[in-house]
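A.B. asks: Numbering (the numbering used here), first residue to last: 354 to 528.
The reader is advised that the hints may include incorrect statements.
[Claimed, not checked] Okay, derived cross-link-like pairs now, DSSO-like style, lysine-lysine, Cα gap no bigger than 30 Å in a straight line: (1) Lys483 to Lys401; (2) Lys508 to Lys396; (3) Lys397 to Lys454; (4) Lys494 to Lys437; (5) Lys468 to Lys359; (6) Lys401 to Lys429; (7) Lys468 to Lys429; (8) Lys437 to Lys508; (9) Lys401 to Lys494; (10) Lys494 to Lys396; (11) Lys397 to Lys494; (12) Lys416 to Lys437; (13) Lys454 to Lys468; (14) Lys429 to Lys397; (15) Lys468 to Lys398.
Since the hints were made in silico from the structure, they are not lab data.
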Amino acid sequence: MMQVSKRVPFDNPDVLLGVRAMYIISNLIILGIYFYVQVQINKKKDMKTLQYVEPAPVGTGEKPRPVTTTVMEYDKQQLRQLIKTQLMGVGMMAVMHLYFKYTNPLLIQSIIPLKGALEGNLVKIHLFGKSATGDLQRPFKAGGSFMGMGQGEIKSDKASVEQAEKNWRGGVKEE
354 MMQVSKRVPF DNPDVLLGVR AMYIISNLII LGIYFYVQVQ INKKKDMKTL
404 QYVEPAPVGT GEKPRPVTTT VMEYDKQQLR QLIKTQLMGV GMMAVMHLYF
454 KYTNPLLIQS IIPLKGALEG NLVKIHLFGK SATGDLQRPF KAGGSFMGMG
504 QGEIKSDKAS VEQAEKNWRG GVKEE
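Using the sequences and the hints, build the whole thing.
C.D. replies: Here it is in structure tokens:
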């Protein structure tokens, strides 16, 4: 895509307008997909209990935290994170394009986030109707993203949950 974007004549106002429109339409499609997923989550109202151990943030010295929630709340939290990530990307792209006058990333960011949204676990489950087993089993495994690096793995086995519940301070500060 980088090579293709170098060959696009962005100095032509019509081409630039078309790429801008494609970027906006791409983001509207992504938000539409996320809205549909939210409607499906609310319609299913899956109140099955989900227990897992959330890894401690890197460098804090805290212990992993046990989490007990429902599948519906877990899915909503994951969807909020996806929307937040998408909006941060739009904000960064706005700064790059409007302030720094970069145009090549518009074309690339019209395609890659849309592809990522369609390959997301929530979209696979709620839009494409795949069953939540194997790689789609909740809690989702952290992908190789920049944001998830160094956090450790989310564990959902019974022994890990019990150990974390026993060890976790529950927010009480040790003196």
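A.B. asks: Indicate, hint by hint, whether the structure satisfies it.
C.D. replies: Now for the hints, and whether the structure bears them out:
1. Taken as a hint, the Lys483 and Lys401 pair is honoured in the structure, with Cα atoms around 18 Å apart against an allowance of 30 Å.
2. A hinted pair counts as satisfied when its Cα atoms are at most 30 Å apart, and Lys508 with Lys396 qualifies at roughly 28 Å.
3. Taking the CA atoms of Lys397 and Lys454, the gap is near 44 Å; set against the 30 Å cutoff, the hint is violated.
4. Of the pairs offered as hints, the one joining Lys494 and Lys437 holds, with about 19 Å between alpha carbons and a cut-off of 30 Å not exceeded.
5. Simply put, Lys468 and Lys359 have alpha-carbon atoms about 21 Å apart, close enough for the 30 Å limit, and the pair holds.
6. Pair hint Lys401 plus Lys429 holds up; C-alpha atoms about 14 Å apart against a cutoff of 30 Å.
7. In summary, the hint linking Lys468 to Lys429 is supported, as the alpha carbons are separated by about 21 Å, within the 30 Å threshold.
8. Annotation: proposed proximity of Lys437 to Lys508 holds, straight-line Cα distance about 24 Å (limit 30 Å).
9. Restraint check: the Cα-Cα separation between Lys401 and Lys494 comes to about 19 Å, which is no more than 30 Å; the hinted pair holds.
10. Straight-line distance between C-alpha atoms of Lys494 and Lys396 comes to about 25 Å, which keeps the hinted pair within the 30 Å bound.
11. About 22 Å separates the Cα atoms of Lys397 and Lys494, which keeps this hinted pair within 30 Å; it holds.
12. Restraint check for Lys416 and Lys437: satisfied, since their Cα atoms lie roughly 26 Å apart, inside the 30 Å limit.
13. Between Lys454 and Lys468 the CA atoms are separated by roughly 25 Å; this keeps the pair inside 30 Å, and the hint holds.
14. At roughly 12 Å between alpha-carbon atoms, Lys429 and Lys397 fall within 30 Å of each other, so this suggested pair holds.
15. For the proposed pair Lys468 and Lys398, the alpha carbon gap of about 27 Å is at most 30 Å, so the pair holds.
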